[in-house]
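Undergrad: Chains Z and R supply the protein sequences, listed in that same order.
Start counting the first sequence at 1; every next residue gets the next number (our numbering).
Start counting the second sequence at 1; every next residue gets the next number (our numbering).
Don't read these hints as lab results, they were simulated from the structure.
Please note that a few of the clues may not be correct.
[Said to hold, decoys possible] Straight-line C-alpha distance at most 30 angstroms; calculated DSS-like pairs for lysine-lysine:
hint	chain 1	residue 1	chain 2	residue 2
1	Z	164	R	133
2	Z	341	Z	105
3	R	133	Z	215
4	Z	210	R	133
5	R	188	Z	232
6	R	133	Z	208
Here is what each chain is made of, one letter per residue.
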Amino acid sequence: MTTFLTRRAALFAAATCAATLGLTAIAEAQTSIKIGYAISRTGPNTGGAAVTTIPNYELWVKEVNAAGGIKLGDKRVPIEVVQYDDRSNAEEAVRALERLINQDKVDFILPPWGTGLNLAVGPTLNREGYPHIAATAVTDRAPELAKRWPNSFWMLGTSGDAAKTLVDLLSKLRDEKKIGDTVAMVSIADGFGIDLSTAARPALTNAKFKLAYDKSYPIGTQDLAPIINEVKALNPDVFIAFSYPPDTLALTEQSRIAGLNPKVFYTGVGTAFPLYRQKFGKNTEGVMGIGGWSGDSPAIKDYLARHKASAANGAEPDRWASAVTYASLQMLQQAIERVGKIDRAAVIKDLQTGTFETVIGKVKLENNMPTRYWWVGQWQDGEFYGIAPAKNEGARAAIVPKPAWVAP
Amino acid sequence: MSARVAGFGFLALAAIALLALVPRLGNAYYLALAISLLQYTVLATAWGMFSGPTRYVSLATTAFFGVGAYTVAVLGEILPWPLVLLIAAALGAVVAAIVGLSTLRLSGVYFVIFTFGLTELIRQLVVWFEVNKSRVLGRYVFVDITQADIYWQLLGLAAAVFLLGWLIARSRLGFALRVIGEDETVAKHCGINTTFAKVALFTISATVMTLVGAIMAPRWTYIEPSIAFNSMISFQVLIMALLGGAHRLWGPVLGAVPLTLLFELLSARFPNTFTIILGCIFLLIVYMLPRGVAGLFEKRSTTPGGKTTQRVAA
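This is chain R alone, in the form it adopts within the complex (with noise of 0.2 angstroms):
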């Protein structure tokens, strides 16, 4: 390990100590914010960890984080927590390895309708067994855990997907996934097992995203379908990712900070004109960053020769 890696590693422990005392602010607002920024933080690099390399855009980020949710309102209660995690986690994860073997041929467009029917598919499956199954729509969860809890969780969760990210980007599954992304046919014809890597990055990606629906799931008491499957989550995720550069590891955290504080400050001083703004908002970040909050500081960065960062955007 470089002296660069490890004094690297050294101020990202020292970033996460100092961020898990902000429940000792005492301020319960700030700490709404906070779980709010943490929460963004982590479903966006989860999702910039798959559709970054691969090019891929996943509108799935809602189906995912409701599985999670769902879980627990329905386990919450009747098991013990850490064990509650498990289970989300791994129905996550058997949920995309699924939809990664069936669906990961598809690309383009394809892909991106797909996976936002996803969403709507899982909805609707929940809904119709809670009708005719379980006969009760909309579920209680009542679970001992403090909003100082949820936060410490978030920021673990998020240590653990920077630390995976930056493991995965050096491994030759990274790799492999950065050929897909220049070219799938060249990536093939090299010999790389395009589908098995595809699906492999695609799971880990979804399992944290159900994590974190999972672990938000005690802050509103109440779960039905409308309110774990809300799409918004997926597009927000998505505009927050590209706006900060999905190609970057820390890229996406460059989006969800800024436009969580902004989604704030609008809903705060203009209740009533908020999605207006928001849209024109969203206008802007494509027309004028189409590489990204990252894009900016690696024009600066590299020479002008310098062809590692002047791959065109997906």
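Just chain Z, same shape as in the assembly (with noise of 0.2 angstroms):
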């Protein structure tokens, strides 16, 4: 052997050699699990991630590394963040996709604000094999678009679903006797509005209620006044609006100013944001909105304060998809535990089929659904309780008539 090699050359091909064989061991052991996510910092979505999204990434990615990190086989490994700014932008959420899977290579994906992003990005993470938990996404193609791409989870359900549950709600008060017939509905004329007032018009038909008033208003309408005066010339017994944050503020101000006040007073997104109590104190009681959470639950409650006291400056979590933003975190981490390696093929599949425990309960999804939602929530004492379906666990009664309101 000398012979061919110098001492130098053997001494410096073993040094290779196990060199080589110990770069190898590195790469074999997994030291982080690299978690990337585009969310909007600018543009039109930043109130809705910053309020909903952002706090809750964060939140949780805090609690893991501080326990330690994520549980893969014997020994935890902490996760490592990569992140972009989509710019509220359908092409550049894509594109920020592709360059945290080809070039940062990151293990997994936390998925964009809203329905649109969550839309754009959905064929991306479906060709790459990513799982696609889309929190914060309410479409009525949900059903289809878990068949077309088993790797997207749609945690907050359908519209459809939404209109209908309200509907029902409002049928068993009017059985009750608690309510009659008359109902005023204003939609915002932009996705959310129309799906839903698209689905509730024939509900509420079917159900024999007299749709007295309906109309609906461009986004970024600011006088809202001549509506709700038209509305109060009424006198409905329910009073419906399917609206989005801005709006959600401007109407219920407005209805206090005219003394707008049905036996039902429901809102859309935002009636579940905490800065909707702050703004109007005492005179939320009552008020029903979209969304809603289990109040009384120990879980929720741990939930709200670990949210407090890691958000900057105490930011309380919204009562909708706040927790359940959470909620699909929790899933992801449990099912990638479960599965003790980076495969991102089983994690899907412990997805679809596995029961996870969560902040808001035990969750099992039945064709890349849940099988439970909160449909409607109510103002009660300073927080929004789910009240609809009332088979959900932990729904409260609802409070009705609504209390007047009262001088802030």
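Taking the hints as your guide, dock the two standalone chains into a single complex.
TA: Okay, here's the thing in structure tokens:
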């Protein structure tokens, strides 16, 4: 041997071999889990992302890393985050994800905020085989999408279901002689308002409600006083607004000023925001809205406290998609830990079939969608409790009629 | 055809053949970046085709891009793909002709403001129709088109645009437009039908923009007015064409390529300060390169008294 190789060369060769082996060993043992996300930090989606999504991602990463990381086999590895701004733009969101997958080579991806962006990134995540747990998308095509993209999970349900649950609740209240049958409905002329009003219109008519008022207003409408005054003149039993946060606040304020106080007062996205209580205080009592949670459950109470402690200036989560977002992160973690290694196909399989312990209770998906949702919530004593569907665990009884507005 | 033109044509063909191989690299990220580069190259070149010679600054890029995207959203699942593209192109051309006939009498800042308003007008019309008639807002596009298909279509369109631009520049129409750009009154006195010339080129340029929108639409699966009519596109295309130099056919490419790469680099490295850095870069471009990158090349290649390139930029 030494005739062919000098001693130094042999040593060098041996060292190289050892180093190579060592490197392979390091590469095989995962030292961290890379998790990437692109989220709207600028543009029109910023508000929603800042309330519902970003604080939960940050809370979850902080908690998991404080506990040593995600358990892979018999050891824990910390989470390493790579994140971008999608600028509320579909093209930007798709490209950011392609960058995360191909350049940053992340192990898992957390979804963007909102229905539009979740749909935009759906095909990419499907093609690359990453689990896609959409926690902030409400779409009627969810069951069809779940079939088309078996890696996608639609945690917030369909708008058809939302409208149906609301109408069922109203029918029950009418049967109990708590309300009459005149309904006034307004909706914002944007995805959410159109979907829900389109689903609610036939549901109300089928349930023999009298739809006395049915109008939509353009996004960005500043003066909603004319609508409220017209509705007040009709003196309806039920007021429904499928609205977005800015107009949810404006409609409520205007109703208080005009003294529109129907037996059921329901507003859309934003009713479940902590901001709503900050603004209206005692006047929130009895207001219904989309979303809700089991405010009495110890898991939710604990989550609320942790969220407040972690978020910048003690911000509270909203009472609808926040807890669902956090639950979806817990599900991802439990699925990874059960699989025990970075095997995305196996993680997707586990998400499809497994049962998960989360802050919103036990979750078991069917056809990639949860079986229980909170569709109607109501402010009762400063907390936004889920009231429908009534069969959900922790559902409270509705306070009807709504108490009168008080002077602020 | 001179030997120089033949040689140039051969080089262009070789470049296209080489570029057509990009999807074979098998890296989805590079493909996405290449799609982005091509998209802005075509948009900026189409923008420069009209706005370069006539010096009408148009902010209507988004309007046509959105019309194309929405055509796909409505018809994509119903009709075969080539037919959808054809209808999109026809729609874009009709809208452009109507808009052109009614507005190209405006000039200067009035035209700029009108074209900006046009995007909003079309967007609101679409919203109104969807809200009151079809009662859906946000459509789904499930068509069987891969990223590589999108890339190849854009590459084909880019080749067509350059060929078209080259032909127009050598035609009577191109000459007429240059005269209009120098002085519209003089052009009229020379007997040039200025309205026809302007509307014709505006329509051609808009048709190309509409096609880009249609080709890009399958990338997003979900289309709603705020996605299709995103006015950022108008501004990005404008700044790209100005950086490159809109008075040359190949000028806008010199702006589109570096700026697309820069946007990409900035959003990857500085996701949180992207907008601030972008603003500073725009200021720099306007102050340092008033005639664009193409202007830099020209300064070197002309003699001090060369009048051909001493025109004042719009």
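Undergrad: Indicate, hint by hint, whether the structure satisfies it.
TA: Hints, one by one, checked against the model:
| no. | hint | verdict |
| --- | --- | --- |
| 1 | Z:164 x R:133 | 23 angstroms, holds |
| 2 | Z:341 x Z:105 | 16 angstroms, holds |
| 3 | R:133 x Z:215 | 14 angstroms, holds |
| 4 | Z:210 x R:133 | 22 angstroms, holds |
| 5 | R:188 x Z:232 | 62 angstroms, violated |
| 6 | R:133 x Z:208 | 24 angstroms, holds |
Checked against the numbered hints given earlier, the structure breaks only hint 5 and satisfies all the rest.
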